[in-house]
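Now for the letters of each chain:
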Amino acid sequence: GAVVSQHPSWVICKSGTSVKIECRSLDFQATTMFWYRQFPKQSLMLMATSNEGSKATYEQGVEKDKFLINHASLTLSTLTVTSAHPEDSSFYICSATLAGGRIYEQYFGPGTRLTVT
Amino acid sequence: GDSVTQMEGPVTLSEEAFLTINCTYTATGYPSLFWYVQYPGEGLQLLLKATKADDKGSNKGFEATYRKETTSFHLEKGSVQVSDSAVYFCALSADDYKLSFGAGTTVTVRA
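Those protein sequences? They're chains H and A, same order as listed.
Note that my numbering numbers the first sequence so that position 114 is 114, with each residue one more than the last.
Note that my numbering numbers the second sequence so that position 105 is 105, with each residue one more than the last.
Any given hint could turn out to be false.
[Said to hold, decoys possible] Here are the simulated EDC-like pairs of lysine to aspartate or glutamate, each with C-alpha atoms no more than 16 angstroms apart in a straight line: (1) A:K52 / A:D96; (2) A:K98 / H:E59; (3) A:K68 / A:D55; (4) A:K98 / H:E105; (5) H:K41 / A:E8; (6) A:K56 / A:E69; (7) A:K60 / A:E16; (8) H:K55 / H:D65; (9) A:K60 / A:D84.
[To be verified] Computed spacing ranges between beta-carbons, pair by pair: (10) H:D65 / A:E42: 31 to 37 angstroms; (11) H:A99 / A:T26: 28 to 34 angstroms; (12) A:Y30 / H:H7: 35 to 41 angstroms; (13) H:Q29 / A:V82: 34 to 40 angstroms; (14) A:V82 / H:E59: 34 to 40 angstroms.
[Said to hold, decoys possible] A short, non-exhaustive set of chain A residues, derived as facing chain H with CB atoms under 8 angstroms: (15) E42; (16) G43; (17) L44; (18) Q45; (19) K49; (20) S93; (21) D96; (22) Y97; (23) F101; (24) A103.
Don't read these hints as lab results, they were simulated from the structure.
These numbers come from a predicted model, not from an experiment.
C-beta: ideal position from N, C-alpha, C; glycine also.
This is chain A alone, in the form it adopts within the complex:
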């Protein structure tokens, strides 16, 4: 079945550091790929998406590129802020019926 594997956390960074969270997937066909973010005390919210190979999703300074050849969708941000402290989930949908999530990566940014 469809599955998503993302790097285990927690990840702790200093402000203005570079962040990358690895995500790889297994799916039949050509899934759409997503990153969700969950801030403390809140529900998950969509951060960015890519619906086909080589698409780059971006939002709030975060980027991820859909790499079909490596089945990856790594999340990156060039300069993190304390407000980026959250849990990040990689997800896919192969059929527009349901989402399959990774386990989440907790990121803490220190001032």
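Chain H on its own, in the form it takes in the complex:
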């Protein structure tokens, strides 16, 4: 089956630094990738949707200058949290779909836990 990986699975960084999270589709070409954020005991919240080679579309309330998304190839999308602060600490999950895939046919990565100290 289709597999999506994320790296790193856990990262700790200091306040004011930037951190990059990678999302890779291992055995398929992902035309669309999604980034979610999840706080403890809360829902996954969609942050942005990106198509390969295009700028990401951000959900309302998500700062695009703070959460930089790059989808440069059909197998890789990156999320960079710039000038991270403790309130950015969260669980970040990516997912991907095949070309023509329905919205529910997303393949999810296992998530990355970010802790900002």
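Given the structure of chain H, go ahead and fit chain A onto it with the hints provided.
Leaving out everything else, chain A in the frame of chain H:
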């Protein structure tokens, strides 16, 4: 906006017990409804779906029926196994553009 509310966990059961996880939703129009499961260390994966009222989704012994009159999509399984221990997420999509998720319910099945 669209939202999903599911019962808080954690839920702890013995093997062969009956499992039900309640899920209700708020949405404009007629959304499609889904249950996702996340096993330890893995990503979410689609468990079952229903796209219109009175549809019943089923997979791996789990079932859920789309109830428009009560805006619900409760997940049930008649006899759980240890391997069913996971986090279960209820979700909806009203526009085929994005998914709205519930907070997830952690289920632990003891032998």
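Broken hints, by number: Violated: none.
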